[in-house]
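**Q** Please build the complete structure, drawing on both the sequences and the hints.
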Amino acid sequence: MNARLDSFSYDDDIVRKFLWATMIWGLVGFLVGLIIAIQLPVPGLNIAPLLTFGRLRPLHTNAVIFAFAGNAWFTGAYYSSQRLLKTRMWSDGLSKFHFWGWQAIIVAAALTLPLGITQSKEYAELEWPIDIAIAVVWVAFAINYFVTLTRRRERHIYVAIWFYIASIITVAILHIFNNLSVPAGAFKSYSIYAGVQDAFMQWWYGHNAVAFFLTTPFLGLMYYFMPKAADRPVFSYKLSILHFWTLVFLYIWAGPHHLHYTALPDWASTLGMLFSVMLWMPSWGGMVNGLLTLRGAWHKVADDPILKFFVVAVTAYGMSTFEGPMLSIKSVNALAHYTDWIIAHVHTGALGWNGFLTFGMVYWLAPRLFQTEMHSKGLVNLHFWLASFGILLYVVAIYSAGATQGLMWRAFDETGRLQYPDFVETVIRLMPMYWVRVAGGLLYISGMVVGIYNVYKTWAARPAAYEVLVVKAAPLSEAPADRHAPAVGGLWTRFASAQWHRKWEGMPLFFSVMTAVAVIVASLFEIIPTFLIKSNVPTIASVKPYAPLELAGRDIYQREGCFNCHSQMVRPLTYETERYGDYSKPGESVYDHPFLWGSRRIGPDLAREGGKYPDLWHVRHMYNPREVTQKSIMPAYPQLQINIIDFAVIQKHVDAMAMIGVPYGDAVNRAPEMAKAQAAQVAASIEAAGGPKGLGDKEIVALTAYLQRLGRDIKNASGTAQHSTPTIKPIAFNASGGSR
Amino acid sequence: MADNDNDRLLEHSYDGIQEFDNPLPTWWKWIFYATILVVPLYMWDPLGIGVGPGKVKAYEQQMAALNAAHPKATAAYTDDQVAAFAKDPARVAAGKVVFTTYCAACHRPDGGGLIGPNLTDDFWLHGGRPSEIIKTVSEGVLAKGMPNWGKVLKPDQVEDAVAYVQTLHGTNPANPKEPQGARY
Numbered sequence: 018m019n020a021r022l023d024s025f026s027y028d029d030d031i032v033r034k035f036l037w038a039t040m041i042w043g044l045v046g047f048l049v050g051l052i053i054a055i056q057l058p059v060p061g062l063n064i065a066p067l068l069t070f071g072r073l074r075p076l077h078t079n080a081v082i083f084a085f086a087g088n089a090w091f092t093g094a095y096y097s098s099q100r101l102l103k104t105r106m107w108s109d110g111l112s113k114f115h116f117w118g119w120q121a122i123i124v125a126a127a128l129t130l131p132l133g134i135t136q137s138k139e140y141a142e143l144e145w146p147i148d149i150a151i152a153v154v155w156v157a158f159a160i161n162y163f164v165t166l167t168r169r170r171e172r173h174i175y176v177a178i179w180f181y182i183a184s185i186i187t188v189a190i191l192h193i194f195n196n197l198s199v200p201a202g203a204f205k206s207y208s209i210y211a212g213v214q215d216a217f218m219q220w221w222y223g224h225n226a227v228a229f230f231l232t233t234p235f236l237g238l239m240y241y242f243m244p245k246a247a248d249r250p251v252f253s254y255k256l257s258i259l260h261f262w263t264l265v266f267l268y269i270w271a272g273p274h275h276l277h278y279t280a281l282p283d284w285a286s287t288l289g290m291l292f293s294v295m296l297w298m299p300s301w302g303g304m305v306n307g308l309l310t311l312r313g314a315w316h317k318v319a320d321d322p323i324l325k326f327f328v329v330a331v332t333a334y335g336m337s338t339f340e341g342p343m344l345s346i347k348s349v350n351a352l353a354h355y356t357d358w359i360i361a362h363v364h365t366g367a368l369g370w371n372g373f374l375t376f377g378m379v380y381w382l383a384p385r386l387f388q389t390e391m392h393s394k395g396l397v398n399l400h401f402w403l404a405s406f407g408i409l410l411y412v413v414a415i416y417s418a419g420a421t422q423g424l425m426w427r428a429f430d431e432t433g434r435l436q437y438p439d440f441v442e443t444v445i446r447l448m449p450m451y452w453v454r455v456a457g458g459l460l461y462i463s464g465m466v467v468g469i470y471n472v473y474k475t476w477a478a479r480p481a482a483y484e485v486l487v488v489k490a491a492p493l494s495e496a497p498a499d500r501h502a503p504a505v506g507g508l509w510t511r512f513a514s515a516q517w518h519r520k521w522e523g524m525p526l527f528f529s530v531m532t533a534v535a536v537i538v539a540s541l542f543e544i545i546p547t548f549l550i551k552s553n554v555p556t557i558a559s560v561k562p563y564a565p566l567e568l569a570g571r572d573i574y575q576r577e578g579c580f581n582c583h584s585q586m587v588r589p590l591t592y593e594t595e596r597y598g599d600y601s602k603p604g605e606s607v608y609d610h611p612f613l614w615g616s617r618r619i620g621p622d623l624a625r626e627g628g629k630y631p632d633l634w635h636v637r638h639m640y641n642p643r644e645v646t647q648k649s650i651m652p653a654y655p656q657l658q659i660n661i662i663d664f665a666v667i668q669k670h671v672d673a674m675a676m677i678g679v680p681y682g683d684a685v686n687r688a689p690e691m692a693k694a695q696a697a698q699v700a701a702s703i704e705a706a707g708g709p710k711g712l713g714d715k716e717i718v719a720l721t722a723y724l725q726r727l728g729r730d731i732k733n734a735s736g737t738a739q740h741s742t743p744t745i746k747p748i749a750f751n752a753s754g755g756s757r
Numbered sequence: 008m009a010d011n012d013n014d015r016l017l018e019h020s021y022d023g024i025q026e027f028d029n030p031l032p033t034w035w036k037w038i039f040y041a042t043i044l045v046v047p048l049y050m051w052d053p054l055g056i057g058v059g060p061g062k063v064k065a066y067e068q069q070m071a072a073l074n075a076a077h078p079k080a081t082a083a084y085t086d087d088q089v090a091a092f093a094k095d096p097a098r099v100a101a102g103k104v105v106f107t108t109y110c111a112a113c114h115r116p117d118g119g120g121l122i123g124p125n126l127t128d129d130f131w132l133h134g135g136r137p138s139e140i141i142k143t144v145s146e147g148v149l150a151k152g153m154p155n156w157g158k159v160l161k162p163d164q165v166e167d168a169v170a171y172v173q174t175l176h177g178t179n180p181a182n183p184k185e186p187q188g189a190r191y
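Protein chains in written order, with this note's numbering: chain P, 18 to 757; chain B, 8 to 191.
Don't read these hints as lab results, they were simulated from the structure.
Check each hint, because a few of them may be wrong.
What the hints assert, rightly or not - Every beta carbon over 12 Å from chain P, so not counted as near; a handful from chain B, in silico:
#, residue
1, A82
2, D87
3, K103
4, K158
Stated by the list, open to error - Distance condition first, Cα-Cα at most 30 Å in a straight line; then the derived DSS-like pairs of lysine-lysine:
#, chain 1, residue 1, chain 2, residue 2
5, B, K103, P, K648
6, P, K732, B, K36
7, P, K710, B, K184
8, B, K184, P, K255
9, B, K151, P, K710
10, P, K602, B, K64
11, P, K347, B, K36
12, P, K347, B, K64
13, B, K64, P, K732
14, P, K732, B, K142
15, P, K245, P, K255
16, P, K520, B, K36
17, P, K648, B, K151
18, B, K161, P, K648
19, P, K394, P, K245
Every residue gets a Cβ at the ideal spot worked out from N, C-alpha and C, and that includes glycine.
**A** So, in structure tokens, the structure goes:
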């Protein structure tokens, strides 16, 4: 043994900071969730313009994923990595930059999302300046982390570190490639991808955000905190290796299962499904290793609320990673997609797996970080039971809601007609279940309040000054000390002995590169065809770019978050085409930057909305939906009749679209004039029908023009056009950004 | 105490965490192999529950089957049939509910007209014969903004609503919309 020992200490201050951020943002994220859960049965609680469901729902998802779960991961990663690597973080300054940068991004999200500033891609809603900030903060985190790895005093890296590495690398890749967009103003951008391509990229990102932000980092946390809390060795090292690599490699492919039966090509959908099915056991590897680590410690579980949290977390993980592959099977997905079933599925994961693992970790850390006894073990138990019953009520109600609505949508009566042709019937049926969800959410949140109180009281009892523990450890020896006997036997024996992996564990940078290779190779198998898709998309001659006014309407549609409740994607299923009209073709969304296919139908699909109702219907419906559809739960948007269209900015938006290849022709020179002319036309039709006068420069006219355009082009192709849309003469794509 | 005290501990330890050298659980391994086996089975599709003809072809087959099982009724309503609906008080009562829920938003609860035309006067945009009224309701006149109610309502509900509409004729509500269309 080396005689010289280094003396050093761990940076626990940063861990304390992240721990508080986790608890506070967690409460905020859950509260916003509760508010939007109540807004569904009580639409009057939508306070336009800032606090409507469409604007708050992204705030809820972003707060829970990036603020709550993100900070929880950082808490655990900073605590465990330093100890597992026997070194302090390389730069306290970068750690602090990571902390404050991340919190600033969360605040920016909390301000911009209610203001309607959004890219309208799920979990990637934040606009481009914030996206750049995320990338900068992430790179700082990564640099700090990887330099720390090189300064470690432990030769081999433990499985928790593998998972952290995979998460840091993959999140960076996902974030950058999904958010590529062309700015059209300080807080507005258009995705460089369109339609099918954009959908593909978005769900490659969306699915893997679940994988590499909510799954792998938390598996890393589990591998540290569970054996620590149970004081038991991890069940199987070999299982760790196998499930890590299979998980990292297979997860990447699974994204397209979010797009079954859409305009996405069949091959991609099939690929997504098959890889999801194969992902079942790699996911369960983590559960098995977690639960079997408790062998010989089960008697402690009854007694220790921290272990109880962990057991429920790992069980919830097991349930949702069984359900995921099941939902990826096309025929199951046909029923569940667009319904609350998916909402229930993600809440099993978020409330159960991420939430409970976080709570267990926080309670394990609090006395250690605050260097005192936990204030009350009874309150930890109380939190556990409140949150457990909360989850139970939540998911039982919302699974039932999902199954109910999915079955109602597809029911035919004996005459071959839809059993429930009126969409709103399938919505009001869910109201009792929505109230049960509210009750479940309330329980879960009260648990969180108890938790914050308990942690606060523990913190209040901290010593006047924290004792800084001085750790002594030998520095890393120059030569990798591979004390294992040289591998013997055939190829398979040597492979199965896992000694090659042991070597990799001694070379963290090489390990990181291999992880990146696994992720990138798997991604390229899907992304290369994605870029070729452009030529695969059957172009439909009658599909034209949105007229400038319609584009402005589409911006409003995005701003109000309409896509959170309305899909624009009719699937080729008998009960869908009976309800909505012809199924959506890939060529219809070639100018949709970004795509707005949606993922949930709280209201009906709008892909074929154009021409179904007169203009005045839309004006009245936006003003107060219940005036037109008595039982509607849609928020009212009266301000759309007051807000003035910003005609001047339309030119910028058209130009940005032209820059990414939308053949805007004439409109790149006179977008505002064209928009004004069309607005006057729509306003005249509204007035002629007996509607309000003087709407010619109001936002409602732009939104109406957009809605009336949806699905028209393909009808025009079949020669049934009855509504005049200003035609845009396409020009050839000009790489320099238009013909000005 | 525990059954796993005989498991071999690996020599390494990270911050006090140790690992066993246990093999992969057999059931885990076999289910994993089975899910991999799903790939060729799905693509080769010997059982006919796999990849199939693709979503569009499958849809066309299902649609054809649906249409074959339920040939669309071709017989149009006769004027007498539709006029008889209005004589049935049960239908008129049910029709009033349908009218209030779906039609009143545009035609006003009293039928005096709003976005849609006045239904109480003698003038009709798309024909005032009973058979014409029911055709307008169930097929819609999209260009004029009349939705295709046959898609949203059941045939019974359409018949009831038309029964009720016929009883509105001549009720002279206050502030009616000006007459539109041709006299019937």
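**Q** Confirm or reject each hint.
**A** Quick rundown of the hints versus the structure:
Every C-beta of chain P lies more than 12 Å from that of B/A82, the closest at about 14 Å, which supports listing it as non-interface. With 12 Å as the threshold on Cβ separation, the claim that B/D87 sits away from chain P holds: the shortest Cβ distance comes to roughly 23 Å. Non-interface status of B/K103 relative to chain P is upheld: no Cβ of that chain comes within 12 Å, the nearest being about 14 Å off. Not every beta carbon of chain P lies more than 12 Å from that of B/K158, the smallest distance being close to 6 Å; the non-interface claim is violated.
With a C-alpha separation of about 17 Å, the suggested pairing of B/K103 with P/K648 holds against the 30 Å cut-off. Taking the CA atoms of P/K732 and B/K36, the gap is about 53 Å. The hint is violated against a cut of 30 Å. Between P/K710 and B/K184 the alpha-carbon distance is near 17 Å, which keeps this suggested pair within the 30 Å criterion. A hinted pair counts as satisfied when its Cα atoms are at most 30 Å apart, and B/K184 with P/K255 does not qualify at roughly 80 Å.
Between the alpha carbons of B/K151 and P/K710 the distance comes to roughly 19 Å, so the proposed pair stays at or under 30 Å and holds. At most 30 Å may separate the alpha-carbon atoms for a hinted pair to count; P/K602 and B/K64 meet this at roughly 14 Å. The straight-line distance between the Cα atoms of P/K347 and B/K36 is roughly 25 Å, inside the 30 Å bound, and the hint therefore holds. Distance check on the hinted pair: P/K347 and B/K64 sit about 15 Å apart at the alpha-carbon level, within 30 Å; holds.
Among the hinted pairs, B/K64 with P/K732 is consistent with the structure: their alpha-carbon atoms are about 21 Å apart, no more than 30 Å. The straight-line distance between the Cα atoms of P/K732 and B/K142 is roughly 22 Å, inside the 30 Å bound, and the hint therefore holds. Taking the CA atoms of P/K245 and P/K255, the gap is about 20 Å. The hint holds against a cut of 30 Å. Simply put, P/K520 and B/K36 have alpha-carbon atoms about 24 Å apart, close enough for the 30 Å limit, and the pair holds.
This hinted pair checks out: P/K648 and B/K151 have alpha carbons roughly 25 Å apart, not beyond 30 Å. Restraint check: the Cα-Cα separation between B/K161 and P/K648 comes to about 18 Å, which is no more than 30 Å; the hinted pair holds. Taken as a hint, the P/K394 and P/K245 pair is honoured in the structure, with Cα atoms around 18 Å apart against an allowance of 30 Å.
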